[in-house]
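Dock chain B against chain A, hints included.
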Amino acid sequence: MTSRGRAWRDELTGLAWAGPWLIGSAVFVLLPMGMSAYYALTDYPLLEPPMFVGLKNFRDLAGDPTFWRVVKNTALYAGVSIPVFTLVALVLAGLLNSRVRFGRVYQAAVFIPTLVPLIASAMVWFWLFNGEYGLVNKVLGPVLRPFGLSPPAWIADEAWVLPSMVLMTLWGVGQSVVIYVAAMQDVPRQLYEAAELDGMGPVRRFVHVTLPMISPAILFNVIALTISAVQVFAVPYVMFRRPQGTNPAGHYYTMYLYETGFVYGRMGYACAMAWIQLLVVLALTGVMMFASRRVVHYTRT
Amino acid sequence: MRRQKGPTSRPLTRLMIHATLALVSVLFLAPLVWMLATSMMPESQAASQSIRLLPDPPSAVFTHAKENYKSVWNDRTIRFPLYLRNTLIVAALGVAGMTLSSAVVAYGLSRVQWRGRGAVFFLVLATMMIPFPVLMVPLYLIFRELGWIGTLTPLWAPAWFGGAFNIFLLRQFFMTIPRELDEAARIDGCSHWTIFWRIILPLSKPALAVVALFHFIYVWNDFVGPLIYLTDQDQYTLALGLQLYQSQAGNTPWNLLMAASALMVSPLVLLFVLTQRTFVRGVSTEGLK
Chain A
0 MTSRGRAWRD
10 ELTGLAWAGP
20 WLIGSAVFVL
30 LPMGMSAYYA
40 LTDYPLLEPP
50 MFVGLKNFRD
60 LAGDPTFWRV
70 VKNTALYAGV
80 SIPVFTLVAL
90 VLAGLLNSRV
100 RFGRVYQAAV
110 FIPTLVPLIA
120 SAMVWFWLFN
130 GEYGLVNKVL
140 GPVLRPFGLS
150 PPAWIADEAW
160 VLPSMVLMTL
170 WGVGQSVVIY
180 VAAMQDVPRQ
190 LYEAAELDGM
200 GPVRRFVHVT
210 LPMISPAILF
220 NVIALTISAV
230 QVFAVPYVMF
240 RRPQGTNPAG
250 HYYTMYLYET
260 GFVYGRMGYA
270 CAMAWIQLLV
280 VLALTGVMMF
290 ASRRVVHYTR
300 T
Chain B
0 MRRQKGPTSR
10 PLTRLMIHAT
20 LALVSVLFLA
30 PLVWMLATSM
40 MPESQAASQS
50 IRLLPDPPSA
60 VFTHAKENYK
70 SVWNDRTIRF
80 PLYLRNTLIV
90 AALGVAGMTL
100 SSAVVAYGLS
110 RVQWRGRGAV
120 FFLVLATMMI
130 PFPVLMVPLY
140 LIFRELGWIG
150 TLTPLWAPAW
160 FGGAFNIFLL
170 RQFFMTIPRE
180 LDEAARIDGC
190 SHWTIFWRII
200 LPLSKPALAV
210 VALFHFIYVW
220 NDFVGPLIYL
230 TDQDQYTLAL
240 GLQLYQSQAG
250 NTPWNLLMAA
260 SALMVSPLVL
270 LFVLTQRTFV
280 RGVSTEGLK
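Just so you know, the protein sequences line up as chains A and B, in that order.
At the far end of the first sequence sits residue 300, using numbering that gives the first Met the number 0, and the numbering has no gaps.
At the far end of the second sequence sits residue 288, using numbering that gives the first Met the number 0, and the numbering has no gaps.
These are computed hints drawn from the structure, not numbers from a lab.
Derived DEER-like restraints, expressed as beta-carbon distance ranges:
no.	chain 1	residue 1	chain 2	residue 2	range
1	A	ILE22	B	ALA91	18 to 28 Å
2	A	PRO44	B	THR152	23 to 33 Å
3	A	TRP7	B	LEU202	26 to 36 Å
4	B	ALA95	A	GLY264	30 to 40 Å
Computed from the model, here is a short list of chain B residues facing chain A with C-beta under 10 Å:
no.	residue
5	ILE50
6	PRO130
7	ALA163
8	PHE222
9	VAL272
Cβ atoms here follow ideal geometry from the backbone N, Cα and C, with glycine treated the same way.
This is chain B alone, in the form it adopts within the complex:
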């Protein structure tokens, strides 16, 4: 076995690295722990001077948790289940469109030989740098012209035309698939569509998963889009709905705000735990752009 080298070889250094990383981990997780703790307290105890992770008496934690989460779920004005439904509609339609269209375009930019390819790929990369605020006003006007303002459509329809970063990511992945595979298929008389559908896509599942996952997170996160395009509170997504809690300024019900935040955060954390490998791989490739 190779001798361990590097900065970790001395025990004292090792100990200090552990201590630092452990402290950093605690600091990074503390806000989330505090969010959960607050979400399981009665309002009077959430807003108090003492630092406690469990309510007094601690045995009442489940009662309070149930009560808080239930009142978030059943609220008549801030309708969490409705916003969840809207978000899921946007996510489902958006993820399907984004994954499929980006894969189609990436195929055209990696497996079809044509002269305009380099130029189009350059354009794809160039659009990644354009700040959204430049598009904000005119997109609103275009969507208004299309009659999409006040509907969920502008939040998912553009995804059906592919996204620059996802096209880039899939193209890089497709390039690693050996050319001999599609050349053999072409000799057998397969069309591009068959090669795409039967060879490239099945071999690219990990990369497609990354694209789907990232777009889902994007939709879950998106605040500006819904803020501009949605007019009716019944169409709100979770990101906009969550903000309603806080804009009832004055006496924020901290325990309910934290319960609602926890409900919004937990699916993503769960998704991360279930797909950790896909996640880390995807994030690491982001550094290549």
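In isolation and in its complexed conformation, chain A is listed as follows:
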């Protein structure tokens, strides 16, 4: 066989093995993306054929107060929950990494809540946050009473939606903790010994040795968190939707997208929203990759 024929054969063999994914991603990812890019430019009321309208959907979105509200809510949620989440995850990982006894028990306790399906987690917190009989207020009530304060109504109160969401998100911090602990265990011991000889205390060693050494893991985690925070859906969908209407502070981007497409049947408008979301995700990822390059470079010098 000629070498050319052989190369072709290798190419075909490779394609055949990659085949399932190539076909799958063509049908379930690339085709849908192309479709939604086109539908974003159309008026498409589910039961009628799409009608091309150019950028009308995007212009309408710019003047849609609900759109701007869900953007604001989602940005606030991502902007507050991600830093808090990352900080808590790093501190817990640092403590677990200090080789205390029962470390595995503590780690399991923090990890187990991440196993709880989102929908079950929403139910449990729905109960915990209940203004009247919820555990959270049963505990907080007596603590606050001497100060003349009473606990908030949490998910029922617009002002307390964000803190409730952050708390619920924090309950799932265990997965990141496990990732960070694994990364911390790969940091060479000599670095700590050298830092100790330089007279660094535990906090400074954590900040100046541990954090830079695990910065790649932090970066990837923060990117993954961002992508999922921008899409947050199941928990607020269950918690803030009421027969009398959604709590306006608990109305998030993907919830509105879902309602637009599947409740009001405005497929074109929903696709326009989806593309904006995709571009935001890509832009945020790009910015974080770019900004982090300097940080990683900085730690190596």
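Same frame as chain A, now just chain B:
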């Protein structure tokens, strides 16, 4: 033995670390403990002002537990056993497809030499970033075209084409298997399929277990997929079914809601206890992506 160094060397620091971690552990487990406690109470006591872990009288705990869980299981409108069956069908078909197909693709991206390999691998990584909402509307239309809306098929069939993260994970694992093994087999005249089936797969059981486990959890968790594709309450999965309890707004039967939640959570916790090592290894590798 090496001298213990680091932040844990001073007794006071150690004590504070223990105290913090113990408190954190209690806070993290409290919601689950409360879920179980509520699930074993009569409705009137679940919705009361006092904090109690056991019903009054405490000896009645088993009676109430049995009663609550039984009424969740036997409910005529929210049919837990049916939703469990649906979820298990999706999980079984999905896990089988996801594990096998991802392994096949990962083999093509690690053991077969071809020029398009790098480009395809890059595409695999790129698709991991695509938010699902972008696909939501068109996927619904595609599945409607295929006649899959209102059936369980869209929840498991795509898994048979592999999943980006799982392909990535398995490829990284396959790369660590020494090349000499398949080169020797090739000299003996083995085909790629034989090498895959006889050498690579048996050596990759831990990684395959991670993929299977993660996909099972994914199916158990998935809410958006069933919400969009399922139309008939008889086809609901557990995630959708659980939501039915709460949407009967007004007077939520908290004890029953918590019993149903506990039934949904417990298989995963049990799975975790049984496969803790696989789990932690899998989660740790997630940080590498």
